[in-house]
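Below, each chain spelled out in residue letters.
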Amino acid sequence: MTTTPQNNTSLGPPHVRIEMLSQPRYLSGARELVSAVARRFGFDDGACGQIALAVDEALCNVIRHAYGQEADQPIWISIWPWDGDEQAAFEKNPPACDPHGIRIDIEDQGPHVNPETIRGRDLSDIRPGGLGVYIIRQVMDNVVYEQRPEGGMRLILTKLNGTPSNT
Amino acid sequence: MEVSIEHQGEATIVLPIGDVDLSNSRDLQNHLRQEMSRKPGLLVVDLEKVSYMDSSGVATLVEAMQIARKQATRLVLCELNDKVRAIFEIARLDRVFTIVGSRSDALAA
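As you go down the protein sequences, you meet chains U and C in turn.
At position 54 of the first sequence the residue is numbered 54 (my numbering), and the sequence of numbers has no breaks.
At position 47 of the second sequence the residue is numbered 1047 (my numbering), and the sequence of numbers has no breaks.
Please keep in mind that the hints were generated in silico from the structure rather than gathered at the bench.
Heads up, some of the hints might be wrong.
[Unchecked claim] Simulated coverage check for chain U against chain C, where a stretch passes if three residues somewhere in it have a Cβ under 8 Å from a Cβ of chain C:
| id | stretch |
| --- | --- |
| 1 | 24-34 |
| 2 | 46-52 |
| 3 | 135-144 |
Even for Gly, the Cβ is constructed at its ideal location relative to N, Cα and C.
Only chain C is shown next, with the shape it has when bound in the complex (with noise of 0.2 Å):
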């Protein structure tokens, strides 16, 4: 997996590209927090490039989440493709998470 970093204004958007599992989750992990510690007002997560993610990749999430909510950065999730999708309404997190469509709707959000 490699993770694309972006920046447009006060946003960041970060764009992992491949599967997301033990393998490699700290590594996006590790981008997240470094990102997060910029304190952007907006991070997006760009999945439109994740086939697939297991829970040690939406757990990474949920800690960027929490760090996003102690620093009033927004969190904005986009891009999810089907499978993807599936995990965070599996785990009931979609009701947790801001979730998008496109990176559009995440940038306005």
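For reference, chain U alone in the conformation it holds in the complex (with noise of 0.2 Å):
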């Protein structure tokens, strides 16, 4: 049974919210979504490029790991403006425009996972594999993995305008 997200934050409602097959195929439509609304949230192509990757690299991991590659299981996309702060609701006070950031969510319905588990490669060892994580670390602020009580993980990214990724 597919359980889709509830509105659990005090966010309201996410601005935009899609809702895709576990099929590597529409990476690059997910890609061009998120890149596109960042850049609406005031983020430069650079950071619109990095955040869009972050995303992919998510998508992969889900693909692979939640799914086993499965290409028929539902993968959810939540994007919120974002403040920094939570409690600081968008919805009762939105920004005309230049939003200070972005939050955004990727949600599936695969086994939990102790998110203490989920953590990037040592990149002195040099081999193929293992970098998504380290590579979604390196480029959003914060990164946070949730089992979601319905079933499945949450991964929460968020990002502030004008922070630069951790290279």
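Could you fit the two chains together into a complex? Lean on the hints.
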């Protein structure tokens, strides 16, 4: 049974939400959407590209690890403008333009994973694969994995405008 | 994504065309493995026509580098745009690969 995400944040409903199947062919569309929304939130081209890269890596991890390459499983992407404080909900005082940042939630209904076990590998170990989590953490300001009560995992990504990646 | 292959003397040039992500990185991996099996003296991956690459694409190049080191093939990457170069820098692989600006620089490497 599909368990569509609930609006369980004080941010109100997402400004953008899409549901996609766990098929790599749709990664490019997801990247373009996220990049376009980030641009509307005021991020420059370089930051938009990096945010899209982080989302791409997160989606790849869901497809490969949560769903084991099964192509018919749901993934939800939800996007809000973000000012760094969840209590100051934009819905009450929506900015006319230039929000300070972006919050992106990526949810699946794969198996629960202990968030503490999700970490990037040591870069000194030069080998194919295993870079996704490391890249996500380098690009975004905050990265939080949590178990959804209804099943599956939620990855919460936030980034404020003007903060450089951790390169 | 398409992959064009050229041979110039001892050099093999692999030219992927299009975005490289999880949907097609296996194709690039197969081409690189096939060309590496010929044990060229120099293998150039020209990324001029790659507008985007994710870590699955980078992983195929890391595998190619490992094969190259075992058989003394020189592996050189060239013509990276800013977006593609960024992922190598984020993953700190720009210090591991030989990356040059142009294809002519790569062929002279």
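Which numbered hints turn out to be false for this structure?
Result: no hint breaks.
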